[in-house]
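Heads up: the sequence shown begins at -7 in our numbering, then just goes up one per residue.
Take the hints with a grain of salt, since some may be wrong.
[Unchecked claim] The list that follows gives simulated cross-link-like pairs (lysine to aspartate or glutamate, DMTMM-like), each with its CA atoms no further than 20 Å apart:
| id | residue 1 | residue 2 |
| --- | --- | --- |
| 1 | 255 | 237 |
| 2 | 189 | 135 |
| 3 | 248 | 174 |
| 4 | 249 | 259 |
| 5 | 223 | 258 |
| 6 | 255 | 212 |
| 7 | 32 | 142 |
| 8 | 152 | 193 |
| 9 | 152 | 237 |
| 10 | 249 | 237 |
| 11 | 32 | 135 |
| 12 | 189 | 133 |
| 13 | 189 | 142 |
| 14 | 32 | 12 |
| 15 | 32 | 133 |
| 16 | 223 | 233 |
| 17 | 241 | 212 |
| 18 | 241 | 259 |
| 19 | 57 | 36 |
| 20 | 249 | 175 |
[What the hints assert, rightly or not] Estimated spans, in silico, between C-beta atoms of each pair:
| id | residue 1 | residue 2 | range |
| --- | --- | --- | --- |
| 21 | 58 | 159 | 16 to 24 Å |
| 22 | 139 | 231 | 18 to 26 Å |
| 23 | 142 | 35 | 15 to 23 Å |
| 24 | 146 | 234 | 14 to 22 Å |
| 25 | 193 | 7 | 29 to 37 Å |
| 26 | 262 | 206 | 20 to 28 Å |
| 27 | 193 | 233 | 23 to 31 Å |
| 28 | 153 | 61 | 47 to 55 Å |
| 29 | 191 | 13 | 42 to 50 Å |
| 30 | 61 | 146 | 41 to 49 Å |
Simulated from the structure, these hints should not be mistaken for lab results. Bear in mind the structure is a predicted one, so any value in this text is a computation, not a measurement. By construction, the Cβ of each residue, glycine as well, lies at the ideal position given by its N, Cα and C atoms.
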Amino acid sequence: MAAARSSVNEKNEEPALEAEALAAARERTSCFLSGLELVKQGAEARVFRGRFQGRAAMVKHRFPKGYRHPALEARLGRRRTVQEARALLRCRRAGELGRLRGLGAPQLRGYSAAFGDVKRGISAPVVFFVDYVSNCLYMEEIEGSVTVRDYIQSTMETEKDPQGLFGLARTVGQVLARMHDEDLIHGDLTTSNMLLKPPLEQLNIVLIDFGLSYISALPEDKGVDLYVLEKAFLSTHPNTETLFEAFLKSYSTASKKARPVLKKLDEVRLRGRKRSMVG
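Please construct the entire structure, taking both the sequences and the accompanying hints into account.
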């Protein structure tokens, strides 16, 4: 009888000990973040800049929302943190395969068997650490970078003509074609979520902010991804229609699966226009 009571007490203590450990872990994370520089405050996350294990880092913290049920909040935060980490790793994997190909490494036979055709990769920040308790993603800081949005706006202010940006549009088209050929949907494509690494004239694009990303081979999902970019691009950068056309042409040339995707893009545009007419 005494042994049974002891067993029950131990079982009752386990959840309490687990909750205490989780609370302590969150407190440690909170203390660490308080020593970093807050760079951006969004509706879903805060982004900090600082050092992590001696390296320049950015930390994305998905903070709890008081209006959500705690269980739902925990599931959503963890899922989006996992999605973003996996998307970044998927990009990096493609990038590593591209570098191996450039070196002519014999190991490529094994990589090709596992991952299919090896091609030039997709630049994205290195993931240093994922904290699933506090939903924090610790990533490489792309030092000296500027957003594609700022680069386009600066160029348009000085040159008053998008002609000098056609090379950038073609490069973005190639990068997003490779991303979609990996069946990776970004979910929030804007020029603010693309960085240019220095030296800027080399047009090295780094994709960031994969919090709404997911995996899909459907042309419909890829078409919607491009439609989101088109709406954001043309509203943020007026009088750049020819620039976006150059992007789409580059995407079409670079992607093996472009035809059905661009067909779906046209269908999504038509649906969008009908909704606008109906109001």
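Here is how each hint holds up against the structure:
1. With a CA separation close to 15 Å, the supplied pair residue 255 and residue 237 stays within the 20 Å bound.
2. Using a Cα cut-off of 20 Å, the hinted pair residue 189 and residue 135 holds, with the two alpha carbons roughly 8 Å apart.
3. Simply put, residue 248 and residue 174 have alpha-carbon atoms about 11 Å apart, close enough for the 20 Å limit, and the pair holds.
4. Note on residue 249 and residue 259: the hinted pairing holds, with a Cα-Cα distance of about 16 Å set against a maximum of 20 Å.
5. Our distance criterion of 20 Å between C-alpha atoms is met by residue 223 and residue 258, whose separation comes to about 13 Å.
6. For the hint pairing residue 255 with residue 212, the CA-to-CA distance comes to about 9 Å; that is within 20 Å, so the pair holds.
7. The suggested pairing of residue 32 with residue 142 holds, with an alpha-carbon distance near 16 Å, which does not exceed 20 Å.
8. For the proposed pair residue 152 and residue 193, the alpha carbon gap of about 19 Å is at most 20 Å, so the pair holds.
9. Among the hinted pairs, residue 152 with residue 237 is consistent with the structure: their alpha-carbon atoms are about 18 Å apart, no more than 20 Å.
10. For the suggested pair residue 249 and residue 237, the alpha carbons sit about 18 Å apart, so the restraint of at most 20 Å is met.
11. Proposed proximity of residue 32 and residue 135 is supported: the alpha carbons are some 16 Å apart, at most 20 Å.
12. For the suggested pair residue 189 and residue 133, the alpha carbons sit about 11 Å apart, so the restraint of at most 20 Å is met.
13. Between the alpha carbons of residue 189 and residue 142 the distance comes to roughly 13 Å, so the proposed pair stays at or under 20 Å and holds.
14. Note on residue 32 and residue 12: the hinted pairing is violated, with a Cα-Cα distance of about 30 Å set against a maximum of 20 Å.
15. Taking the CA atoms of residue 32 and residue 133, the gap is about 14 Å. The hint holds against a cut of 20 Å.
16. Using a Cα cut-off of 20 Å, the hinted pair residue 223 and residue 233 holds, with the two alpha carbons roughly 11 Å apart.
17. Distance hint between residue 241 and residue 212 is fulfilled; the C-alpha atoms sit about 19 Å from each other, no more than 20 Å.
18. With a CA separation close to 18 Å, the supplied pair residue 241 and residue 259 stays within the 20 Å bound.
19. Pair hint residue 57 plus residue 36 holds up; C-alpha atoms about 8 Å apart against a cutoff of 20 Å.
20. Between residue 249 and residue 175, the direct Cα distance comes to roughly 10 Å. Compliance with the 20 Å bound is thereby established for this hinted pair.
21. Evaluation of the 16 to 24 Å hint for residue 58 and residue 159 yields a failure: the beta carbon distance comes to about 46 Å.
22. A beta carbon spacing of about 19 Å between residue 139 and residue 231 agrees with the range 18 to 26 Å that was offered as a hint.
23. Between residue 142 and residue 35, the C-beta spacing of about 22 Å keeps the proposed range 15 to 23 Å intact.
24. A C-beta distance of roughly 19 Å is found between residue 146 and residue 234, which places it inside the suggested range of 14 to 22 Å.
25. Restraint check, residue 193 to residue 7: a C-beta distance of roughly 58 Å breaks the suggested window 29 to 37 Å.
26. The hinted window of 20 to 28 Å between residue 262 and residue 206 holds, with their beta carbons roughly 24 Å apart.
27. Look at residue 193 against residue 233: about 25 Å separates their beta carbons, and that is inside 23 to 31 Å.
28. In this structure, residue 153 and residue 61 meet the distance hint of 47 to 55 Å, their C-beta atoms being roughly 52 Å apart.
29. For the hinted restraint 42 to 50 Å between residue 191 and residue 13, the CB-CB distance of approximately 47 Å keeps it satisfied.
30. Distance hint check: the CB atoms of residue 61 and residue 146 are about 44 Å apart, consistent with the given range 41 to 49 Å.
Hint check: violations occur at hints 14, 21 and 25; the rest are consistent with the structure.
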